[in-house]
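Take the two lone chains, each set in its own frame, and fit them into one complex as the hints suggest.
Line by line, the protein sequences are chains S and E.
The first sequence begins at 1 in the numbering used here and counts up one residue at a time.
The second sequence begins at 1001 in the numbering used here and counts up one residue at a time.
It is possible that some hints are incorrect.
[Claimed, not checked] Sample of chain E residues at the chain S side, in silico, Cβ under 7 angstroms:
no., residue
1, N1259
2, D1260
3, Y1261
4, G1275
[Claimed, not checked] Calculated lysine-lysine pairs in the DSBU-like style (CA-CA distance at most 35 angstroms, straight line):
no., chain 1, residue 1, chain 2, residue 2
5, S, K111, E, K1046
6, E, K1251, S, K107
7, E, K1052, E, K1251
8, E, K1185, E, K1052
[To be verified] Covered, in the sense of this in silico footprint (three residues per stretch, anywhere, with C-beta under 8 angstroms from a C-beta of chain E), are these stretches of chain S:
no., stretch
9, 109 to 116
10, 153 to 159
11, 192 to 198
12, 218 to 225
No wet-lab data here; the hints were simulated from the structure.
Backbone N, C-alpha and C define an ideal beta-carbon position, used for all residues, glycine too.
The primary structure of each chain is shown beneath.
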Amino acid sequence: MIQAALLLAAALPLASPGAPGEVLRPPDRPVFGSFELRLSGYRPNVDSEFSAGHTPYNDIFGNSRPLMFQAHIGYALWHSFGTLEVGAGAGFFQVTGNGLIVNSTEKSSDKTSLKIIPLSASLTYRFDWAADHNGFPLVPYLRASLERYQWWVTNGLGDTASDGVHTGSGATNGYSFTGGLAFLLDFLDPSMARDMDEDTGIQHTYLFADVTKTYVSDFHSKKSWNLSNDKLVIAGGLLVVF
Amino acid sequence: MRAYLALLLVLPMTALAQTTVTATAGNVVIDEGNDDDNYINQSECKNPSSDKLSYNWILAKDGTALTLATGATVDVTLTVATVNTCPSPAKPYWQTTINDLSSASGSFPTSGFDDSLGSVLTTLGLNSCSGASIQTLYVCAAGSVSGYIATGTINFDQTVPPPPVITTMDAGESSLTVNVTVGVKTASFVADTDRYYAVATRSDKTGVPVTTEDFTGSSKQITGLTDGVVYDVQVFAKSARGNVSSGSTSKSGSPVPVNDYWKLYRSEGGREEGGCASGPAGVIGLLVPVFFALRRRRS
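Looking at chain E on its own, in the form it has when it is part of the complex (with noise of 0.2 angstroms):
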């Protein structure tokens, strides 16, 4: 019992000792000039020279922001690169130094740095703009007062989707309901897909798209085509990053005249025309009756 009380009494101690400060730096923000969803996709890294990233950062070193007195100059060295040494980097790695922030004014310490996506791309090699898993890149500003330094990371991601399968293709007027299932994955084909494009081009004038319709789910249905004419349909899968897989085995159809159900009652002889028979006052004189009741309890 006794050496219950004992334990007791010593754990709040125990918790004491434990604690400690964890150093913790300053924040880097980066965002991209054209989605800012902290991932680079293929598009972007196959056209670098149309996104950019934008670096904001916080210096900081245990958790207390760097300040300094107006006039004070700080240089800030700022690196990208595949593995977190910051802020020291290790090879390979991406780096560019910022001389001189005193003109930041006083409310330094957050600034800003612009660079193209091309030149971090093709320093780490990553411009190949292909992997099958997704890469973390580490993002580094270190200030020249020792000791103050801002993280941050975004995500390099080039894994594609299997190409969709397309289970059936149903005929309707001037459309047709494509039917897909997801592909299957293979070392090469890695990502996760609900978003898929179809692509319909009439098989008398291939290359030249008819239409382009994105979806989710399991089907589409393609509009806008003339009944009687064969079409040739593609699917395309869709990552969660944007990024596309290869086309589906192609599908022909062509829409056809279709009687719905109007058009089949007027077909047959039906003697209904439309419209309202007795126009909007038929739901005004259905009221009237409640109008008149109301009244007549107020009164």
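The following block holds chain S by itself, in its conformation from the complex (with noise of 0.2 angstroms):
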């Protein structure tokens, strides 16, 4: 596997579906940054913190991962052996169900919803120098993130739920940790993306997948719910550098 792996990496610059003589140049003028959007599956840990038979997150939304939507923007603060960027990010996500007749199982027709707003502090590093010197199209990534949900859990009149004591909203903190891995798509075709680097200031463009780990409960507070994910995440999307 590995070998068929480093094989297939050796031959992709040789297999470059550009033009004849027609090769990846590196930037001539510095990496300013990175925008990306990604998307990701997503399913809060929330019920681990019950013990057996008790399950409000999956009584209530059931086994769904729905989408969670995200955007980041990098800043460049080194490009030289690769790229060293701290960004930010913001997203959103919400999963909806119906909620319970109180005293049974029964689900009523009142609407609730868990909806939250990623944000994201970080730094990434990530290898692009073969890419930027040799056209190699495949560039590896790593990323560590403090992480803030800012959340809310509405009710069936679509108000802020309460349970008469507590509101339903707040934040919760944490950390990430992401490796991935990213495609240069200018490799398909070096023309078009130098004519879109004049007239855009777009250097490169890339599609990703990448697995991040979170940990967002408060930095493993006892006085907090858990919004980790409940396995590694596998998120896609789409890269520019700028």
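The following block contains the structure:
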């Protein structure tokens, strides 16, 4: 398997479908930063705090894994043997189910939702030296992030829920680690990539896939719920470097 | 070949020969006092004293508006009829004459006249306020200067939609959600509808609506009700012109207490209590590294 991957990696630059003689060139100006759009499945691990038999999240929202949408913008601190970026991200997630009639497991017609705006500040290292200098189209990267999830729960009237004492809204902090691989789309058509660079300032465009492990429970506080994803998150999206 | 060339030469001449000057009248603009939608609906018909028609016209002949020298006079006969026979009215028609518009000063030909809608409808025999078709009413303003007229129309729409059908009614906390479908059209119920209103009445206090709520689409959540109390709900359909159907068959139901996700989480012993654990400073804290990075880059 590893041998096959190495062979593929070695063959990729040779297999460039660009016009003969065209090669990817390193940018002739510094990298300013990047912007990415990503989609991932998300299912908060809220039920993990309960003993067996109590699964309020699952009871209302089921075992689905709705999509979380996120946008991230990065600012290049250093660009030499790869790129180091500091960045910030924001997104949105919503899951909706039916409330349960009190003292029953019967679902009511009332809709109830958990809504989350995930905010993050991150440090990203992207090994794009080989892409810049050798036209190698695969770029690995690592990211460490501080996370803050602004959340609120709505009741059947669409208002923020309350149990009569506590209002169902707040924020939960945490952190996450990401590792991924980006595919340099410029590789498919270097001349078009150069034109786009000249016209728009976008130096490179990537498709990426990565895995993230999140820890969002106010740094393992015993007073906060656990909004960490219940599994390693697989995400994908589009990245542009400008 | 020559025949085609001859035809091509003749065609433009034919076109010129067919060109005629169409006589165009001036126009009457009719404003309704209530909704100004150019339709007299059932409510306006049944309460005509609350509505007025205001006519504003420009008299014209062959597309040229009438102009008068200052001090000249002209009378205008205003007619509303169910057939278009301007300027010679065909019965039945409602008619009035406004004498001597010379006081309209040099800005003639625009002028106006208000009249109660009731007298128009009574004269035209439309005061039963019913019908399964839309009737066009033709308005004609004819000046005493020969050939100068103005025309306009207003629609008389008494068509009503069929009563909707309540398919299901679901109970929620302090609310009932009613689901409806459009009723079946018949000879009496012909108007389309996608607008409804629902009326909820306590079963133990009939005749006193607790709430009336307008809605579009196929369902409506009626809120502000009391858990455990039985309510009767009836839905009415509205046509685009505001005509109201007869009521649907009534359906009864009671709101029930419901656990939304937050209530359920808390009731099962969830430890989160809401609020921002680290306050608004938490967000700012996330942005601090970005700020310092930008500063360092600029310097």
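Hint by hint, here is what the structure shows:
no. : hint              : verdict
1   : N1259             : holds (5 angstroms)
2   : D1260             : holds (4 angstroms)
3   : Y1261             : holds (5 angstroms)
4   : G1275             : holds (5 angstroms)
5   : S/K111 x E/K1046  : violated (42 angstroms)
6   : E/K1251 x S/K107  : holds (21 angstroms)
7   : E/K1052 x E/K1251 : violated (39 angstroms)
8   : E/K1185 x E/K1052 : holds (32 angstroms)
9   : 109 to 116        : holds (count 5)
10  : 153 to 159        : holds (count 5)
11  : 192 to 198        : violated (count 0)
12  : 218 to 225        : holds (count 6)
Hints 5, 7 and 11 from the earlier list are contradicted by this structure; the remaining hints agree with it.
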